[in-house]
Amino acid sequence: MKYKVRISLDIVFQYIFKATGLLVLCLLGGILALLIYNSFSFFAAVKPLDFITGMEWNPTAKTPAYGMLPLILSTTLVTFGAMLIAIPLGIGTAAFISEYAGTRLKNILKPAIEMLAAVPSVVIGFLGIVVVSPGLADMAGLPNGLNALNGAILLAVMALPTIITIAEDAIHAVPKTYKEASYGVGATKWQTLRKVIIPAAAPGIISAIMLGVGRAIGETMTVLMATGNAALIPSGFFDSVKTMTATIAIEMGEVPYQTTHYYGLYALATVLFFMTLIANLVGEYFINRLRKYHAA
Amino acid sequence: MQLNKFKLSSIIEWGTLVGTTLIVCFFLVVILLEIVSKGAGSISWEFISSVPKEGMTKGGILTPIIGTVLITLITALFSIPFGVCCAIYLNEYAENNWLTRIIRAAIRNLSGVPSIIYGLFGLALFVQTLQLGTSLLAAGLTLGLLSLPYIITTTEEALMQIPNSTREAALAVGATKFETIKDVVIPSAVPGILTGVVLTLSRAAGETAPILFTGAAFYISDTNGYINQEFMALPYHLYMLSTQHQSIDEVRPIAYGTALILILVVFLLNLSAFYIRYKFRKNEN
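Sequence lines, in order, name chains E and C.
Using the working numbering, you'd call the opening residue of the first sequence number 489 and step up by one each time.
Using the working numbering, you'd call the opening residue of the second sequence number 3 and step up by one each time.
Derived from the structure by calculation, the hints contain no laboratory data.
The model shown is predicted, which means the values in this text are computed figures rather than measured ones.
Check the hints yourself; a few may be wrong.
[Unchecked claim] Among chain C residues calculated to face chain E with C-beta under 7 Å, some are:
no.	residue
1	24
2	26
3	87
4	244
Where is the CB? At the ideal position from N, CA and C, for every residue including glycine.
Sequences are here, hints too, so could you generate the full structure?
See below:
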């Protein structure tokens with residue numbers, strides 16, 4: 489090939505590569521613009537304050553109610569429950585893998601956790617229906633177990649791989665000298681873990697938790713299948729709940745285009761977007777802090 | 003006495019950590035045992051090779067299998083070239099300036115966007131604005147967008163593994179930058195890229211939320227997949243069978259069988275990714 493052709497080809501491809509980078513930017517911008525644009529159409533019909541503080545979500549009633557409080561509380565309750573289960577299990581497992589397990593055990597446990605992460609959410613939801621929910625119903629004496637607790641257990645299973653992987657990285661990254669210093673003054677392995685390693689890895693562990701929270705808030709299929717979907721203010725873990733994601737998934741299929749209800753679902757998605765964004769940004773902030781901390 | 007107390011507490015401490023690990027493993031065992039033990043009975047050659055019959059209470063899952071294969075293909079065709087090019091830009095061309103930092107931040111945020119929001123975006127962009135309708139193509143493109151950030155991140159990691167001296171050697175003998183990338187960098191990064199691609203596609207194949215309103219259908223009568231038509235997919239089929247079907251008890255065995263096939267597909271893809279990674283590492287040594 490002629491030199492000139494080769495050079496011009498080089499330049500053409502440089503622009504193509506750069507264009508794909510810019511297109512990614514457009515994708516995020518596009519998602520954001522779409523959400524905000526449709527939300528504005530919604531807020532032209534419904535006052536933002538009524539939307540955020542409204543106690544009732546019933547868009548198909550004669551006088552439609554667009555209060556998202558029950559949905560937000562449902563999402564919060566399920567996510568909170570999931571974290572109550574997943575955080576101790578996740579940190580314990582991460583500490584065990586990093587500090588106690590031998591190489592061979594580690595080589596079994598790590599792929600096992602990756603396998604757990606690979607199970608599709610719809611399969612977890614299915615198991616919620618056929619295994620966990622009947623079990624809960626039996627234990628609590630309820631007609632069915634499709635409630636917030638069921639969703640929380642399933643979401644905990646789904647958030648665990650994220651939490652374990654990142655927390656394990658953080659614990660593993662704690663410098664050996666810290667441990668040696670601790671053992672040197674006569675501390676036991678457990679004391680070292682609790683008083684030295686976990687505090688030193690805290691930024692990474694917090695970021696693991698926040699990324700787990702982000703996953704749990706945004707998860708759709710599992711909560712859609714397993715929480716009963718009653719759009720009421722929940723009073724406890726044994727109530728049926730309807731999360732924000734489940735509301736969008738159920739109602740978007742049936743709603744006519746460009747009605748207030750349609751726009752309302754986009755407004756809901758906007759709130760959801762920012763909730764997960766904040767969780768992920770906090771997670772990222774702590775990951776960066778961990779890096780700086782170890783660089784120092 | 004002092005020693006015994008010490009021993010006791012260390013046993014409790016050790017037990018706590020082992021206990022949490024065992025509970026996590028227990029979850030995985032329950033998932034696998036339940037699906038495999040109850041799904042294995044439904045699996046047969048006929049189950050895989052015949053279409054759903056009699057309101058899906060009989061027959062197999064050929065149509066959803068075809069749909070899942072086709073949609074994964076569309077996802078791959080769209081997200082791999084796009085994602086690899088973007089990763090090349092970030093790793094080979096981009097300087098560390100504000101634009102690059104914003105693009106990187108965008109990619110990180112995109113990977114945290116809930117999948118249902120990708121569904122809404124796909125509905126608005128592909129189904130309505132670009133007039134593709136609820137179709138295999140619209141759903142595949144939506145899944146492609148969802149996969150993009152993962153493909154970019156894993157490809158960039160693979161590119162980073164290639165030492166700079168390799169690039170410098172190619173440039174020194176007179177290759178242009180593009181030729182260096184095409185003939186030297188990409189070929190040696192292929193195993194790493196492939197690992198990331200396979201893992202990402204296995205995730206996409208199991209996704210349900212993004213295809214809910216972009217093209218997945220409850221039932222399609224013929225097995226010919228056209229990209230401008232609605233389609234059946236394994237994860238959506240499982241969702242429908244377990245929540246939206248009237249005669250729940252009759253379809254339960256089919257639901258278990260579908261779940262088993264879905265898990266097998268995802269695990270096989272994961273295993274092949276591990277195999278590629280393993281083989282690549284071995285060749286290196």
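A quick look at each hint next to the structure:
A least Cβ separation of about 9 Å between residue 24 of chain C and chain E goes past the 7 Å threshold, and the interface hint is therefore violated. Look at residue 26 of chain C: its Cβ gets to within about 5 Å of chain E, closer than 7 Å, so that hint holds up. Among the interface hints, the one on residue 87 of chain C holds; its C-beta lies about 4 Å from the nearest C-beta in chain E, closer than the 7 Å criterion. Proximity of residue 244 of chain C to chain E holds as hinted, the smallest CB-CB distance being about 5 Å (cut-off 7 Å).
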